[in-house]
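Visitor: So the chains spell out like this:
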Amino acid sequence: MCLAIPARIERVDGHEAEVSMGGITRAISIQLTPGAKLGDYVIVHAGYAINVLDQQEALETLQLFEQMAKLAEEEA
Amino acid sequence: MKFVSEFRDPKAAKGLLASIHRRSRTPARLMEFCGGHTVAICRNGVRQALPDTIDMVSGPGCPVCVTATADLDKAIAMAQIPDVIIATFGDMMRVPGSQTSLERARASGADIRVVYSPLDALAIAQANPDRQVVFLGVGFETTAPAIAASILTADEKEIRNYSVLSLHKLCPPVIRALLEAGDVRLSGLICPGHVSAVIGSRPWAFIASEFGIPCVVTGFELLDVLHGIDRLTAQVEAGEAKVEIAYGRGVKRDGNPAAMRLMEQVFEPAPAEWRGIGTLPESGLRIRSDYQRFDAECLFEIDPGVPHDQTDCICGDILRGTQTPLDCKSFGTACTPETPIGPCMVSSEGSCSAYYLYGDGNHA
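Quick note, the sequences are listed as chains A and B, same order.
At the far end of the first sequence sits residue 167, using my numbering, and the numbering has no gaps.
At the far end of the second sequence sits residue 366, using my numbering, and the numbering has no gaps.
Fair warning: there could be bad hints in the mix.
What the hints assert, rightly or not - Computed footprint of chain A on chain B; a stretch qualifies when at least three of its residues, placed anywhere within it, have a C-beta under 8 Å from a C-beta of chain A:
hint, region
1, 31-39
2, 132-142
3, 246-255
4, 260-272
5, 329-340
Hints in this document: simulated from the structure, not taken from any laboratory.
Ideal Cβ positions, reconstructed from N, Cα and C, are used throughout, including at glycine.
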């Protein structure tokens with residue numbers, strides 16, 4: 092039920108936006124994320140963006156995973 | 003950055019699993035509150051890949067599953083009113099009520115439409131100005147802001163034939179109730195990621211401070227789930243209890259204040275009945291009196307009668323985390339996704355459905 096999918100904002104018109112999710116374009120509302128702008132990735136749930144994804148945080152998490160993968164390889 | 007495939011990388015998954023195995027010494031029972039996490043755990047075979055010291059148990063985090071039979075009966079009764087169109091998320095269709103389901107009511111002639119978004123329900127209302135469209139407001143804090151926004155849009159656009167039956171539930175109160183009941187002893191809790199995208203991580207602080215249980219908020223890709231379990235294991239082994247965010251890209255400590263404001267503008271906390279758990283104070287949302295004209299409960303008088311639950315179904319115990327689907331004698335025999343007896347087998351995020359579909363019950 093709380094399924095929400097990352098999507099990139101391709102067009103903004105007031106509260107309405109067009110996003111691309113896995114190659115499909117669909118209209119959503121960005122009423123709940125007033126800061127969302129063109130090019131941002133948002134989490135979409137039930138036709139509404141519920142948050143803007145933080146790219147910097149994502150990169151830091153992936154760097155951490157990379158270090159952990161290296162450590163596991165060294166141990167193996 | 004696509005925010006999806008990067009978080010499914012098998013090499014990183016190995017690294018995270020190695021870390022969990024390296025850390026884990028103490029037997030630990032971890033609960034994943036959210037049905038979305040249950041699906042991710044079952045689908046990826048996470049349970050089987052974890053060390054024997056870690057036991058995962060599913061929680062009540064599936065809004066369809068926790069909807070009380072009485073509330074479902076109310077929705078089905080509303081569907082019988084002439085000129086009413088019920089709009090609902092698809093998962094609700096097959097949940098058995100006392101007498102029938104929305105799906106069977108539709109087969110008998112009721113106008114019930116499955117929608118992806120409350121925006122679709124608004125469009126149905128605009129296309130049918132002489133009919134009343136009732137949207138079934140089922141969901142947690144993730145969904146309530148969207149439904150609040152739809153009411154504000156209806157107000158702004160003067161769509162007068164749109165209303166909501168608010169059956170929303172709030173997550174922190176039910177977790178408190180489970181922990182206070184003490185039926186299930188937990189060493190750690192995976193907090194719901196998309197509820198937290200809206201409400202932030204602060205509302206979980208009491209779980210760590212009052213109950214001494216480590217908490218991690220995480221996302222729904224494989225690496226998110228493993229990261230969450232790794233952080234919980236680290237806390238368990240260090241004897242700590244705090245709230246961590248392992249889903250930094252999607253969740254901030256303060257959540258999404260704009261979404262919370264809209265939710266609070268339209269709804270106020272109210273008692274709510276949870277299947278298998280009972281009525282809990284301040285654990286649901288009702289529509290504020292300012293928006294009463296959009297409240298289906300105020301618009302329609304219905305008498306759904308006295309509810310009765312299926313007797314050979316242990317969904318209630320499964321939702322409390324005291325039993326697993328494998329403990330149910332109907333699981334996989336009388337009760338399957340094709341012929342569900344209880345809501346945990348109907349909802350795609352119900353524990354029984356996830357266990358059945360992804361093989362934790364050896365049915366894959």
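Visitor: Identify every previously stated hint that the structure contradicts and give their numbers, smallest first.
Guide: Hint 5 alone not satisfied by this model.
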